[in-house]
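*Asks:* Spelled out from the first residue to the last, the chains are:
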Amino acid sequence: MSEILVLVDHADGAVKKPTYELLTIAKRLGEPSAVFIGAADKADGVVEAVKKFGAEKVYVVDDTEIKGYLVAPKAEVLQQIATQANPDAILITSSGEGKEIAGRLAIKLESGLITDAVDVQPGPVTTQSVFAGNFTVQAKVTKGTPIITVKPNAAAPEESAGAGAVDKVTPTISDSAKKAQIVASQPREATGRPELTEAAIVVSGGRGTGGNFEPVENFADSLGAAVGASRAAVDSGWKPHAFQIGQTGKTVSPQLYVAAGISGAIQHRAGMQTSKTIVAINKDEEAPIFELVDFGVVGDLHTVLPAATDEVTKRKG
Amino acid sequence: MNIVVCVKYVPDATAEQKFESDNTVDRVGVPGLLSELDEYAVEQSLQLKEKNDDPESVQVTALTVGPEQAGDAIRKALQMGADKGVHVIDDAVAGSDAPATSKVLAAAIQKLGDVDVVVCGMASTDGAMSVVPAMLAERLDLPQVTLGSVVESQGDQFRIKRDGDTATEIIGATAPLVLSVTDQSGEARYPSFKGIMAAKKKPLESWSLGDLGVDAGEVGLAAAWTAVEATEARPPRTAGQIVTDEDGSGATALVEFLASKKFI
Ligand SMILES: Cc1cc2nc3c(=O)[nH]c(=O)nc-3n(C[C@H](O)[C@H](O)[C@H](O)COP(=O)(O)OP(=O)(O)OC[C@H]3O[C@@H](n4cnc5c(N)ncnc54)[C@H](O)[C@@H]3O)c2cc1C
Ligand SMILES: Nc1ncnc2c1ncn2[C@@H]1O[C@H](COP(=O)(O)O)[C@@H](O)[C@H]1O
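If you're matching them up, the sequences are chains A and B in order. Here the working numbering is used: position 154 in the first sequence is 168, and no number is missing along the way. Here the working numbering is used: position 56 in the second sequence is 113, and no number is missing along the way.
These are computed hints drawn from the structure, not numbers from a lab. Hints are supplied without guarantee of correctness; some may be wrong.
In silico DSBU-like cross-links for lysine-lysine, where the CA-CA straight-line distance does not exceed 30 Å [claimed, not checked]:
id	chain 1	residue 1	chain 2	residue 2
1	A	Lys122	B	Lys319
2	B	Lys319	A	Lys330
3	B	Lys319	A	Lys290
4	B	Lys319	A	Lys56
5	B	Lys218	A	Lys81
6	A	Lys30	B	Lys251
Residues of chain B clear of chain A, computed beta-carbon distances all greater than 10 Å [unchecked claim]:
id	residue
7	Lys106
8	Lys168
9	Asp173
10	Asp213
11	Pro248
12	Ala256
13	Gly267
14	Glu289
Virtual Cβ for every residue (Gly too), placed ideally from N, Cα, C.
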């Protein structure tokens, strides 16, 4: 069976959940091989983590030389591994960075690229959701090594023991790959809530909050949910851009999406329309968001949400 | 300084979007416009020009690859203030995927020659792959400073602020480079009446693949590196239950619903 390369998405050695989803998908397609680009002293922990999800092999690349140079060196690393391993497919998480690595890699390997897959089946055949979630599309790569970026939540991670054989790789990085540099970095403040794109429940607030997100946040906390925002709320400075859901923010596909004080513009829908269950609270019964909902409350979020929060807390006892 | 801003003509997102029988996006039967996300790229290009010590020495060229109607995207950019337009138009381009589009754009940029900054939007509002800027950087062997929410430059030194998933970063590079900007980078200006009149006299060139030395067989639907096998309209959502809140009834019904779905 042929190798399927999975680029490990991690924060300083802490493997992120989408990586396990990719390994699970890789197992469907062939033999999963993880590629870890990071600090050498974090490699052992990463190997332990990914072999639990089926990684037969782990390519370990010490990033001392390339840290801080953005995506170009990572694309070179993957190119060199792919040229050696000749994999059947390369899977990368569909983040801003992941897509750019994939884009550069596609040109290097002269291989077709599919982005934002919400499912991948043997073939590999991908499913994507397009036009603000109004269509689904099945596609295939027809040239070279299929490179696929996969959205979070595209598969439920399944544990399965892999050999986790370590292959230390020392790539050659060109000077031109080191021309764009991260000069400063300010880690985002931890919110203590689940990661937006990975959360099972997301509660979002829009202009209707009037800038007071407390009811939204309290309701989210009662459900153990992540907090999101519409662009109107972000543009008003009520929440940082990292909270924005929609075409130019994050796409989420949780089990439950709650929109409070959000009208449901097409660009907002683009980021949440594929949620399994959709709930809205809006005081305008004509708001377009109500066309999408499984359950809607016509009312003021400032009274409905606090009452609902109390009720949820009471039930949870 | 020479700036090239890549602008795409896209179907209007608020109109009904559909596919052709060959599974390509219908770009002709649907009203289109300059991608709103590329307006931000035009705006930043114009600001780079205006903030330069010698604005007259800076030339902003708007570049598009697309069918005849795509000329509208160029015209809008010229009305906003770009100095010159280049429209790559060739029947063979229809159905091109991102690698092919980036190939044609790269060839056009090379033909323009002596380009210091290539500015792109963060994504096309139709395809939304967000990969063309990275592919252009790869093809032109240039550094990429992409997805910037703030752009600063001094001479040939560029810095952007990027709001990433885990951190806010400042990214720096020396021109020539590829820059892409997000919709956080600042409102795009509206064309003024003067701008609209002036645009009519600005140079607009049309280039074919032959002019670029790109072989027609390397682009278009048949040469795409991916193939769409099927498209399906999402089944309409079944109408949900809507209640009107009266004296707290809304909250109770909401929590009942969530409990029935096992979210509590
Ligand atoms: C290129 C482009 C990209 C965009 N990208 C995005 C994106 O990524 N994400 C995004 O969200 N938008 C995006 N937008 C903007 C989008 O078009 C809308 O403007 C935006 O989503 C509106 O946000 P909103 O629903 O919070 O505000 P509004 O549309 O103003 O809606 C507010 C809603 O709150 C309700 N309300 C008011 N008070 C209360 C109350 N007390 N209780 C309950 N309800 C109340 C109102 O009835 C109304 O329905 C984009 C636009 C463009 C052009
Ligand atoms: N056909 C095109 N003509 C000109 N610019 C384009 C074209 N396609 C993509 N671009 C540029 O690349 C950016 C990202 O596009 P995409 O990768 O398709 O999401 C856009 O915002 C444009 O700046």
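*Asks:* For every hint, state whether the structure bears it out.
*Replies:* Hints, one by one, checked against the model:
1. As the CA atoms of Lys122(A) and Lys319(B) are separated by approximately 48 Å, the hinted pair breaks the 30 Å bound.
2. Of the supplied pair hints, the one linking Lys319(B) and Lys330(A) holds, its CA atoms being roughly 12 Å apart against a limit of 30 Å.
3. For the suggested pair Lys319(B) and Lys290(A), the alpha carbons sit about 13 Å apart, so the restraint of at most 30 Å is met.
4. For the hint pairing Lys319(B) with Lys56(A), the CA-to-CA distance comes to about 39 Å; that exceeds 30 Å, so the pair is violated.
5. Distance check on the hinted pair: Lys218(B) and Lys81(A) sit about 18 Å apart at the alpha-carbon level, within 30 Å; holds.
6. Distance check on the hinted pair: Lys30(A) and Lys251(B) sit about 53 Å apart at the alpha-carbon level, beyond 30 Å; violated.
7. Under the 10 Å C-beta cut-off, the non-interface status given to Lys106(B) relative to chain A holds; the minimum distance is some 22 Å.
8. The beta carbon of Lys168(B) is kept farther than 10 Å from every beta carbon of chain A, the shortest such distance being approximately 19 Å.
9. Distance to chain A confirms Asp173(B) as a non-interface residue, since its nearest Cβ pair spans about 14 Å, more than 10 Å.
10. Here Asp213(B) stays apart from chain A, with its beta-carbon at least about 12 Å from theirs, past the 10 Å limit.
11. With 10 Å as the threshold on Cβ separation, the claim that Pro248(B) sits away from chain A holds: the shortest Cβ distance comes to roughly 22 Å.
12. Every C-beta of chain A lies more than 10 Å from that of Ala256(B), the closest at about 27 Å, which supports listing it as non-interface.
13. Once the 10 Å rule is applied to beta carbons, Gly267(B) is consistent with being away from chain A; the minimum gap is 23 Å.
14. Remark: the non-interface label on Glu289(B) conflicts with the geometry, its nearest Cβ contact in chain A lying 5 Å away (cut-off 10 Å).
Checked against the numbered hints listed earlier, the structure breaks hints 1, 4, 6, 14; every other hint is satisfied.
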